[in-house]
Amino acid sequence: DTGVSQDPRHKITKRGQNVTFRCDPISEHNRLYWYRQTLGQGPEFLTYFQNEAQLEKSRLLSDRFSAERPKGSFSTLEIQRTEQGDSAMYLCASSAGLAGALLSYEQFFGPGTRLTVL
Amino acid sequence: AQSVTQPDIHITVSEGASLELRCNYSYGATPYLFWYVQSPGQGLQLLLKYFSGDTLVQGIKGFEAEFKRSQSSFNLRKPSVHWSDAAEYFCAVAQNSGGSNYKLTFGKGTLLTVNP
Chain A
1 DTGVSQDPRH
11 KITKRGQNVT
21 FRCDPISEHN
31 RLYWYRQTLG
41 QGPEFLTYFQ
51 NEAQLEKSRL
61 LSDRFSAERP
71 KGSFSTLEIQ
81 RTEQGDSAMY
91 LCASSAGLAG
101 ALLSYEQFFG
111 PGTRLTVL
Chain B
119 AQSVTQPDIH
129 ITVSEGASLE
139 LRCNYSYGAT
149 PYLFWYVQSP
159 GQGLQLLLKY
169 FSGDTLVQGI
179 KGFEAEFKRS
189 QSSFNLRKPS
199 VHWSDAAEYF
209 CAVAQNSGGS
219 NYKLTFGKGT
229 LLTVNP
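Chains A and B are the protein sequences, given in the same order. Just so you know, the first sequence maps onto residues 1 to 118 in my numbering. Just so you know, the second sequence maps onto residues 119 to 234 in my numbering.
Excised from the complex, chain A in its bound form:
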């Protein structure tokens, strides 16, 4: 399977607990994105990595959220002290990132991690 993978697919946690999600992008892609999708809404941008550098964070990403991409390959998204409002689908996407190439704009999405905070 050469697509984007995410783990776990589903996570149920109690309010106040910490959770961590993992994303494995397509192997040759150097750009990685995290989005959050709540019920009845389209995905919203959270953060962006080029290789291992986190270059942009949305204002949606409170200080309880942290994302890493330590070796420029897989990425993790951690939520500390979860709140019920964090319940959502967390989507990861990757793209090729070829400078000046339109292919850079096309993002490939993983299946998502569905988080439920009780």
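Treat each hint with caution, since some may be false.
To be verified - Have a look at the derived ranges for each label pair, beta carbon to beta carbon:
id, chain 1, residue 1, chain 2, residue 2, range
1, B, A135, A, G16, 46 to 56 Å
2, A, S66, B, Q176, 40 to 50 Å
3, A, A53, B, S132, 32 to 42 Å
4, A, T38, B, Q120, 16 to 26 Å
What the hints assert, rightly or not - Stretch by stretch, here's where chain A covers chain B in the computed footprint (C-beta under 8 Å, at least three residues):
id, segment
5, 131-139
6, 163-171
7, 203-212
What the hints contain is simulated information worked out from the structure, not anything from laboratory work. The C-beta atom is built at its ideal place from N, Cα and C for all residues, glycine as well.
Go by the hints and put chain B onto chain A.
Positioned in the frame of chain A, the structure of chain B alone reads:
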């Protein structure tokens, strides 16, 4: 700030009927536009994309979309809908916020129901 509007929250069509899903965008520069489809509990699958050139673009599963700059629209069409097309459809525009980040801004989606 750029935005994407999908005016129809929910559309119901009969199998075999034609389909058009509307999308309007607001973006100052040349837009890069996408349509994605999402089945329940799943991630997003790219149906088609517009970067430049021919304003009528063909995608997978028999879908096509037409870019109309004068109307700021990028409507998705299919001549004959199949029951398996029932899903949620998202229009998106790529925004360059500086540097190498081309994040996507999505509409709220249109849920398609197909009646037998």
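Quick rundown of the hints versus the structure:
1. Look at B/A135 against A/G16: about 50 Å separates their beta carbons, and that is inside 46 to 56 Å.
2. About 41 Å separates the C-beta atoms of A/S66 and B/Q176, a value consistent with the hinted range of 40 to 50 Å.
3. A hinted range of 32 to 42 Å for the beta carbons of A/A53 and B/S132 is inconsistent with their spacing of about 50 Å.
4. Checking the proposed 16 to 26 Å range against A/T38 and B/Q120 shows it holds: the Cβ atoms sit about 20 Å from each other.
5. For the segment 131-139 of chain B, the proposed coverage by chain A is not satisfied: 0 residues have a C-beta within less than 8 Å of a C-beta in that chain, short of the threshold of three.
6. Remark: the segment 163-171 of chain B is confirmed as covered by chain A, as 5 of its residues place a Cβ nearer than 8 Å to a Cβ of that chain, reaching the required three.
7. Check result for the segment 203-212 of chain B against chain A: holds, 3 residues qualifying (beta carbon to beta carbon below 8 Å, three or more required).
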